[in-house]
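The chain contents come next:
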Amino acid sequence: MASAADAEATCCGPGYASPDDAMTAPAEKLLYTVALYTGTGIQKPDYLATVDADPESSTYSKVIHRLEMPGIGDELHHTGWNACSSCHDDGSMSRNYLLLPGVRSNNIYVVDTATDPKAPSLHTIIDGDEIKEKTNLSGPHTVHCLGSEIIISFLGDANGEAPGGYLHVNEDFEIVGRWENSMGDIPYGYDFWYQPRHNVMISSEWAAPNTFMPGFDLEEVGHLKYGRRLHVWDFEKREPIQTMYLGEDGLLPLEVKFHHNPDSTHGFCCAALSSNVIHFWQDDEGGEWKWEKTVDVENELHPEWPIPLPGVMSALLVSMDDKYLYVNNWLHGDMRQYDITDPHNPVLTGQVWIGGLLGKAPEVNGVEVAGGPQMFQLSLDGKRLYVTTSLFSTWDNQFYPEIRTKGGVMVMIDCDVENGGMSINEDFIVDFGQEPNGPSRCHETRYPGGDCTSDIWL
Amino acid sequence: MAQLSDTWTITIANQGSGRFSVDAQRPLLDTLEEHGVDLPYGCRYGGCITCAAKLTAGAVDQAEQVALNNRQIANGYVVLCVARPTSDCTLEVGVDSHDKLYRNPFLDPLEPHELKPDIATPIGES
Ligand code: FES
Chain A
239 MASAADAEAT CCGPGYASPD DAMTAPAEKL LYTVALYTGT GIQKPDYLAT
289 VDADPESSTY SKVIHRLEMP GIGDELHHTG WNACSSCHDD GSMSRNYLLL
339 PGVRSNNIYV VDTATDPKAP SLHTIIDGDE IKEKTNLSGP HTVHCLGSEI
389 IISFLGDANG EAPGGYLHVN EDFEIVGRWE NSMGDIPYGY DFWYQPRHNV
439 MISSEWAAPN TFMPGFDLEE VGHLKYGRRL HVWDFEKREP IQTMYLGEDG
489 LLPLEVKFHH NPDSTHGFCC AALSSNVIHF WQDDEGGEWK WEKTVDVENE
539 LHPEWPIPLP GVMSALLVSM DDKYLYVNNW LHGDMRQYDI TDPHNPVLTG
589 QVWIGGLLGK APEVNGVEVA GGPQMFQLSL DGKRLYVTTS LFSTWDNQFY
639 PEIRTKGGVM VMIDCDVENG GMSINEDFIV DFGQEPNGPS RCHETRYPGG
689 DCTSDIWL
Chain B
9 MAQLSDTWTI TIANQGSGRF SVDAQRPLLD TLEEHGVDLP YGCRYGGCIT
59 CAAKLTAGAV DQAEQVALNN RQIANGYVVL CVARPTSDCT LEVGVDSHDK
109 LYRNPFLDPL EPHELKPDIA TPIGES
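Top to bottom, those sequences are chains A and B. Just so you know, we're using our numbering here: the first sequence kicks off at 239 and counts up by one. Just so you know, we're using our numbering here: the second sequence kicks off at 9 and counts up by one.
A few of these clues could be false.
[Said to hold, decoys possible] With the C-beta cut set under 8 Å, the calculated list includes, among others, these residues of chain B facing chain A:
no.: 1; residue: Val-45
no.: 2; residue: Cys-56
no.: 3; residue: Phe-114
no.: 4; residue: Leu-123
no.: 5; residue: Pro-130
no.: 6; residue: Gly-132
[Claimed, not checked] Reference listing, derived: stretches of chain A covered by chain B, where coverage requires no fewer than 3 residues with Cβ under 8 Å from a Cβ of chain B:
no.: 7; region: 258-268
no.: 8; region: 406-418
no.: 9; region: 424-432
no.: 10; region: 463-474
no.: 11; region: 660-668
These aren't lab readings, by the way, just hints derived from the structure by calculation. Treat the numbers as computed from the prediction; the structure is a model and nothing was measured. From the three backbone atoms N, C-alpha and C, an ideal C-beta is built for every residue, glycine too.
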């Protein structure tokens, strides 16, 4: 195997040689976030917004470009790059396309971010009907690159019923077919992350598109219409090999992240409805995968409501040095930072409030917040955390109906990487309530140079 | 019982209002769009609720829909991407008609008979 120095000298592919190397990259100057009109009452397409994140710029903290999708009703949600640090040794690859799946339309938009990073353009569309026809999949979610190719998790079959599967797309964005050889007895899909040195992929469970797209009926959890398991895959064989049944501790296990260190087997998942962090790991190569609950956010009583309010921990992210774990509680309204130096024993080191239903932070930097902290992205150096407030249009409409007139916001949190701690940056806020076509809702954010939820090292 | 007909008259009561003659065999989303009515949609197969409208008079066949629960159906909601008219209808369309579509489940739980049709307990059974 080539030494790191050799790799530096010979390669010019995307990303970075290692997580340590990524942390020394220049600070992000542009952010891309999807912004929705689906479900808002405004008959306009969803779009990719470019936000100026350069504090020296006169348009700092403003939307400087909007790339509209060709039609309405996609519900853009998560996004992913065509290439990441897993291709760092391949000089023929570059990170120049961002893939934007539409959860409701099934279309995948491939956006060119390299020709003009400030003003990305639509490169091609992987047609949603063609995906249904060729692969029997609908409800796209997570995009990961896979060497020079791409896999995307889909939550449903062509009729919106679970479990769905994985779409395999080649580097020219043509449909190859289904990626997995078997779904085993997996009932639901959602997010996934892989750690190639251990030949492992972990996938999580939300629900069938026909269950979650119309909104959240809490009663359906008891009818087992929502997930409560994690699945361990043999990554090379492309089939599941172990189920971790989380039960009541793991209702709606959503985002899955491994440590960035490619040697580590430790990873984390947030169980949204249980509002728990699930830590998983493997002690010995080839052995059982284990899990434990390491953070448990208690439900809060709301004075006027009969049912105690869960935090709804819908997202999670690990800093590039694997030292801090960030999680949200969308309904309570807090963002938390945990020191996970010992992944079995996280220590709460920071907490800030943004919106939420408990009334702790109705306003941030002079902007009224509808929604709570939901998606977030961390700078490579770990110091700036960008947080948006919308979850999914129908779920927003249930819990935060005022988001229709107020739109979403993007907030920046300054993170203390030496001693722990978080504080809301007073100079940065992007109010999507002020968008030219009316209030829109911002969701997942990425940066042109890679970020803390894109890169995997081989 | 509605008589058999090739076309029905659909009255849109909000959003500028209008009356349109539509094909009885085709989904209302398709036929109203052809008349120039600007309607929201997402999946176009009855699974995502984005196109929901409130039926205030008349009847539709929406047997293919899987998005609405029984409470939403009882409140008059129909999903236009699969609903076909079986009589003259009056509709309120778009997000303006969604006042009763969304509820906070921690504030306002569903009764067992109000769940989606495939899992609801029939009224009268316990
Ligand atoms: S467009 Fe999805 S239910 Fe009609």
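To see whether the hints hold, each was checked on the structure:
{"no.": "1", "hint": "Val-45", "in the structure": "violated (11 Å)"}
{"no.": "2", "hint": "Cys-56", "in the structure": "holds (4 Å)"}
{"no.": "3", "hint": "Phe-114", "in the structure": "holds (4 Å)"}
{"no.": "4", "hint": "Leu-123", "in the structure": "holds (6 Å)"}
{"no.": "5", "hint": "Pro-130", "in the structure": "violated (15 Å)"}
{"no.": "6", "hint": "Gly-132", "in the structure": "violated (19 Å)"}
{"no.": "7", "hint": "258-268", "in the structure": "violated (count 0)"}
{"no.": "8", "hint": "406-418", "in the structure": "violated (count 0)"}
{"no.": "9", "hint": "424-432", "in the structure": "violated (count 0)"}
{"no.": "10", "hint": "463-474", "in the structure": "violated (count 1)"}
{"no.": "11", "hint": "660-668", "in the structure": "violated (count 0)"}
Going down the numbered hints, you'll see the structure goes against 1, 5, 6, 7, 8, 9, 10 and 11, while the others check out.
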